[in-house]
Structure formats: structure tokens, C-alpha cells
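Asks: Each chain, written out:
2 protein chains.
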Amino acid sequence: MDKTTKWTIVGGGNGGQSLAGHLSIMGFPVKLYDIFEDTINAITEQGGIHVEGAVQGFGPLELATTDIAQAVQGADIVMVVAPATAHRAIAKTCAPVLADGQIVILHPGATCGSLEFKQVLTAQGCSAKVTLAETNTLIYACRSPKPGYANIIGIKDDLVVASLPAKDTARVANLFKEAFPQVIAGKNVLQPSLGNANAIVHPAPSLLNTSLIESEHQWSYYYDGITPSIGAFVEKLDSERMALADAFEVDLLPILKWYKIAYGVDRPTLSETVRANPAYDGIAGQKELKTRYIMEDIPTGLVPMIELGKLCGIPTPRMEVIARLGEYLVEEDFFATGRTLKNLGLEDMSRTELMIFVETGDR
Amino acid sequence: MDKTTKWTIVGGGNGGQSLAGHLSIMGFPVKLYDIFEDTINAITEQGGIHVEGAVQGFGPLELATTDIAQAVQGADIVMVVAPATAHRAIAKTCAPVLADGQIVILHPGATCGSLEFKQVLTAQGCSAKVTLAETNTLIYACRSPKPGYANIIGIKDDLVVASLPAKDTARVANLFKEAFPQVIAGKNVLQPSLGNANAIVHPAPSLLNTSLIESEHQWSYYYDGITPSIGAFVEKLDSERMALADAFEVDLLPILKWYKIAYGVDRPTLSETVRANPAYDGIAGQKELKTRYIMEDIPTGLVPMIELGKLCGIPTPRMEVIARLGEYLVEEDFFATGRTLKNLGLEDMSRTELMIFVETGDR
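Taken in sequence, the protein lines are chains A and B. Residue 904 in the numbering used here sits at position 59 of the first sequence, and the numbers go up by one each step. Residue 1172 in the numbering used here sits at position 327 of the second sequence, and the numbers go up by one each step.
Pulled out of the complex, with its shape left as it was, chain A reads as follows (with noise of 0.2 Å):
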């Protein structure tokens, strides 16, 4: 097969690095961008990035660059690697330079990312015909010691993408594929959005461990964090979300059986599970409250969850209880700043009109 697809990776963090070095290695073309003078520097100056772990080689790159332009310009793949409350802010650095028949790839979305950057891009006054899509989680365990080096922990074996709108979502799977043949074609955007289980395995532990975290203890993400109660909380957190998947048709597995298919793991409850799973072994609790499984999980996987619900119908009381005290302990407004249906522009719609918008893109 030709390697000729041309690609842009848009965050030159963990993913961002290990996806570009990675299909250079492959042998694709690849371009990447970042905001930061000294990642891009970095890179430049030995040409491309060093990969070690699952997989090793070195992937130069056809070019490094803080230019959005000039990153962007003649890909066919623009994938975004990035904290999903950076979305909207590189959707607006997107909006001007994007061009017809591009795809852009929030990998991970989080939950809504298509829907919030198709709205950005929109708002922008952007008119190139331009393909979204999102996927469920990051291919890759992996992180990058330093710029210009990536570390490849371990390579997923599925990834759901689906396109904003559903009827691309072939021919994006399709080129998406060519790298990573694991890729997994989703009915529309709401599979990988409602799949998004961080929004699940992370506010809630964290906030329930906000003492441990707080404290000199050093702890274990999920064999000390997931303790029965929390545990058991989590397991209804999660009913709540195949609730939601139920309303908007779209097939999800439960994260218990996740876990029994995907680690082999299986104990009749989550806290059995993770503790029983040696992949977490030394994952370690952060030692801060605002991190990442809040700032990030709460405003584009729970509150974005919590709305959907509202849209629907379906009663999401526990993930409300945390999004809510997760905006208290950290003292932030998660339901002003994240993905709500106002925020979206999606507040008039009804639940038949969102499913007929992510399938054709029209509303």
C-alpha cells in the first residue's frame, strides 16, 4: 500500500509526539504542530522524533512548526492530540486555514468534541467543506520523557472513530485504517463521545480520594482509589451513561464487561476488577486536586454527559452530584466553561433532531 495520505499532528505532547514519530515510522508524511517555541525546536533541530517501547525507530518529520498555516496546509489528516479543553481554542486556530476535503480527527473528542469544533468552526465564518471526526480514547499508553522522544507504552487493540457527519465515517475509518487497521468504524459521533469512559473512572475516584490526595500518603490510582464503595458508586455512574447510549441507540458496553473483554479481568464488581488487574499495577494517585481527571473530565465528558441526558429524558443524578462537587472543590464553573447544549449551540434541538444531525450534518 502507498503511504502517500499526508498527515498533521496538531499537539506535540505524549500522543501527539508518539502519533507523528509512529507513522513516519510507517512511513507516512508527516507534519506536526504545537504552541510551544521549545517542543518545536526542539524537534526541528534533530529532525524528527526518537520512538522506544512497542514501537522504536526514528520518525523524521516533513516539518515542525508553531505556524497553523503552513502545518495544516495540503494534509489530508489534521488528527488533534490534545487536552480536550484546548479543542475550541484550536478549532478557532484551525478556522482560517482549513481547506476542502480535509478531515480533522479529535482523537480523543472527549465527549461532543466534533460537535463543539463544527460549531467553532461555524462560528469562525469557516466555509471549507471539512470532514470531523472523533475517537473514543487515545490509541496509545505512552508519553514523551522529553521533546523530540516518544515512549510507547502500549498500542490499543480497537479504536471507534466516527464522523461528523455519520455517512463519512467509512471513508474516514478507511484512511484511518491505513496506519492502525484496529480502527473501528462507529454508527455516528455519540458512540465514541458516550464511550468516553474517562468522564467515568475519573472525577468521581479522584474527588472520593481528595484526602489521599491531599495527604503524604503515596496511593495507587485503582488498587487503592477504587475501594467497594467507590467502586460500587462508580458501576451506577456508569449505568447512567448506558442509560444515555440506550436513548441515543448506540451500542456500549458496560465498563465492568469492558474490562472482562479488554484485560481479561473478571471479578463480579469494579473495585475486584481493577485491583485484579495487573496492567494497573504502579499507576500512581496524583498528588493534586487539579488535575487533569477534573479540569479536563468534568467539563468535556460529564457535564457534556449530563446535558445530553437533559436532551433526552434520562435522569443523570450521580454524575451531576460530582460534576457539581468537583466544581466546588476546585472552585471552578464547569457547567459556564464545558460542553453544555447551550455552550454547543445545540440547546433548541430534541434528541430525534441531534440523532438526524450527527448522522447528515444537517439541522
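Simulated from the structure, these hints should not be mistaken for lab results. No residue lacks a Cβ here, since even glycine has one placed at the ideal position from N, Cα and C. Hints may contain errors.
[To be verified] Taking lysine to aspartate or glutamate and the EDC-like style, the derived pairs with C-alpha atoms no more than 16 Å apart in a straight line are:
#: 1; chain 1: B; residue 1: K1081; chain 2: A; residue 2: E1176
#: 2; chain 1: A; residue 1: K1081; chain 2: B; residue 2: E1176
#: 3; chain 1: B; residue 1: K1081; chain 2: A; residue 2: E1177
#: 4; chain 1: A; residue 1: K1081; chain 2: B; residue 2: E1177
[Said to hold, decoys possible] Away from chain B, derived, C-beta distances all over 12 Å, residues of chain A:
#: 5; residue: T938
#: 6; residue: T982
#: 7; residue: I998
#: 8; residue: A1049
#: 9; residue: N1054
#: 10; residue: S1060
#: 11; residue: D1091
#: 12; residue: S1116
#: 13; residue: G1206
[To be verified] Which stretches of chain B does chain A cover? Using the computed rule of at least three CB atoms under 8 Å from a CB of chain A, they are:
#: 14; segment: 1041 to 1055
#: 15; segment: 1087 to 1100
Here the structure of chain A is known, so what remains is to put chain B in place on it, guided by the hints.
Replies: Here is chain B on its own, set in the frame of chain A:
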């Protein structure tokens, strides 16, 4: 002063035995009621209660019994010293045996204890002209190592009592002062009810320490449990209580100021204050989630405060978040079982009507 006032203590736990022994040592005639045969038998066998600590001696009792009629007969003051979640059942037990002129003091009443007690007496058809009253806290720090023995660790310098109706408070306070001169007459029962600081300092820190509670770590409730973020949250939770006090026109100190006065500890934040308070040394954190800090202080503390907020239009979002989180973590329906306006028979009252009711007893 003649020690002729006849006391009956309802409840043979830590506080009840301490009070019964102490009052007897002071020279008052005292009876004690409890539902547990073993407790009553042990006390009957030795004829009274051995008290040590801040008070020392043997307090002989006129009677220790599981028969409520015998216990209450002839009493001037029936002092209920029991978990607030038992008040409803105790009211039902007492309703047929109370006589004109008797005083029932809920010590403490938690929040809306007298209002609940009165409603149960009325519902049970109790026609005796009884004066109800409640205190804001228990006058002791104490424990009972075994039936018949009480250890009074400390005696508080002040205790607020108020009657329902408030016009009877002076009479109640004067009798109460015969034993405890530090008793202060409150404006009306809303003062001790909203003075229930347990609702502020127990459920929220307990829930936010869930992982420590279910860990193998021993922890100190105040020193480890009130971390900076948890302390800041509790201060804001307390400001909701202060807003309720303002709305019902009762004087209360914010918890931070109260700590300064009660313990002489003057630090800018609650977290620093409790950590600098030597009186909190050695107060261990609980090792199970279902303790009175949640099972009692939510349904008889936060729930009625939230409901009083609804009645007077004061928002209590942090109280609601904690009450709901507690419900979900221990899987109880505290808004079904707790002191809601509906369960208190107050659902049709306005703020003004309630304020008249607590003053006059008329509605």
C-alpha cells in the same frame, strides 16, 4: 438550692449514662430508660452508675428500666439522649405516657428535633400539655466503656437550649441551669437546630475521606481528614448554614469563629485551625463508611437544613451535593426517611408561619 427536680434520662448510651450518673452525683433524683435489657440489668444490679474523669463518684439511680411508663412517671424533665434517628421512635414510645407539665429535652435535637417530636406526639394523639425543647449539642465529651460506667472526658462551657414554643424557654432553661449553669436560652428551636454543627463537620469530610476510611491506613479525623480543599469546602458549606440562620433571624457563629472562641485557635482557614487544635489530637477517623457521621448527620442535619432553605428561598447547593453523595455511597434514601418538610408536617408553611409556630406553638 433544693435538688428536687426529677430527671428521667431516655437513652443508656455514652451521653445518657454520663448524664444520669452526673445528675445523681449532684443530688438530683434520676431514673434511666433504655431499650436494651443488658444495659438496664447491669445498672440495676449495681444500683447506679460509676462516673470517672471530669466528674468522679457513684451516682445511685431511683430506677433503671426498659418500661417507659415507669421511667417517665413523675418526671419533671425527660431528657432524651439518643441518636437523632431514634427520636421519632422515642416520641412514639413516649406519647402514651407523658403527662401535663412535663418537659422533654432532646439533648441534642440535631436539626428540627422538637418539630419532629411534636409532630409525632400529635399524630399519636398525645393530649398531655408537654413542653418540648432541644439543645444544640451534647454537653459532654464522654464515653461509656461498659454498662454502668461513664467516663466524662470534658464538659462544655456553654449549651444552648430552646423550647417549642419559645415562650417556655425561660422556664426550661431555669430548671436546666439548676444542674448546668452554663445553659443559655436560645431565641427559639431554630437556633439550636441551625446550630447543629455536626451537619457541617461530619458528612462532607467523611465522604471525601471514603478511600482513607476503606484503606488500611489509620487516620486522624481532623488532622488528616480536613485537608486544605476539604476545609475550604466545609467553610463554604458552613456559609450556607449562616445564610439559613440569617433568613430565620437567629444568631449563630460561623464555625471558624466558633473554633476561635471555643478553642482559642486563631488561624485563617478551617484546615489550619483544626490542625492547630490540640483538643483534636487522637480523634481517630472512622474505618467504615456507615457511621452516625453519615447515617445520622445527613437525614437529621443536612436534610432538614436543605428543606428549611427551600422554605425560605435560600439555596443550599453544597449541602444538597453532600446529602445526595451520601445517599449514593451508602445506598440509603435520606430524603425519604429524613427530616423533610413533608415528614415534619411543615410542607405547607411559609417562612413567616414557621417563625410564628416556633415562637407560639400555634399554626
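Asks: Look at each hint and say if it fits the structure.
Replies: Against the structure, the hints:
Between B/K1081 and A/E1176, the direct Cα distance comes to roughly 11 Å. Compliance with the 16 Å bound is thereby established for this hinted pair. This hinted pair checks out: A/K1081 and B/E1176 have alpha carbons roughly 11 Å apart, not beyond 16 Å. Taking the CA atoms of B/K1081 and A/E1177, the gap is about 14 Å. The hint holds against a cut of 16 Å. In summary, the hint linking A/K1081 to B/E1177 is supported, as the alpha carbons are separated by about 14 Å, within the 16 Å threshold.
Remark: the non-interface label on A/T938 is consistent with the geometry, its nearest Cβ contact in chain B lying 34 Å away (cut-off 12 Å). For A/T982, the shortest C-beta to C-beta distance to chain B comes to about 25 Å, beyond the 12 Å cut-off, and the non-interface label holds. Here A/I998 stays apart from chain B, with its beta-carbon at least about 26 Å from theirs, past the 12 Å limit. Non-interface call for A/A1049 relative to chain B: violated, since the shortest CB-CB distance, roughly 9 Å, does not exceed 12 Å.
Under the 12 Å C-beta cut-off, the non-interface status given to A/N1054 relative to chain B is violated; the minimum distance is some 4 Å. Listed as outside the interface, A/S1060 is inconsistent with that label: its C-beta sits roughly 6 Å from the nearest C-beta of chain B, within the 12 Å cut-off. The beta carbon of A/D1091 sits about 21 Å from the closest Cβ of chain B, which is more than 12 Å, so the claim that it is off the interface holds. Its beta-carbon lying about 9 Å from the closest one in chain B, A/S1116 breaks the requirement of being farther than 12 Å from that chain.
No beta-carbon of chain B is positioned within 12 Å of the beta-carbon of A/G1206; the least distance is around 38 Å. Note: the segment 1041 to 1055 of chain B has 5 residues with beta-carbon separation from chain A under 8 Å; the three-residue rule is met and the coverage holds. Given a C-beta distance limit of less than 8 Å, the hint that chain A covers the segment 1087 to 1100 of chain B is violated, as 0 residues qualify and 3 are needed.
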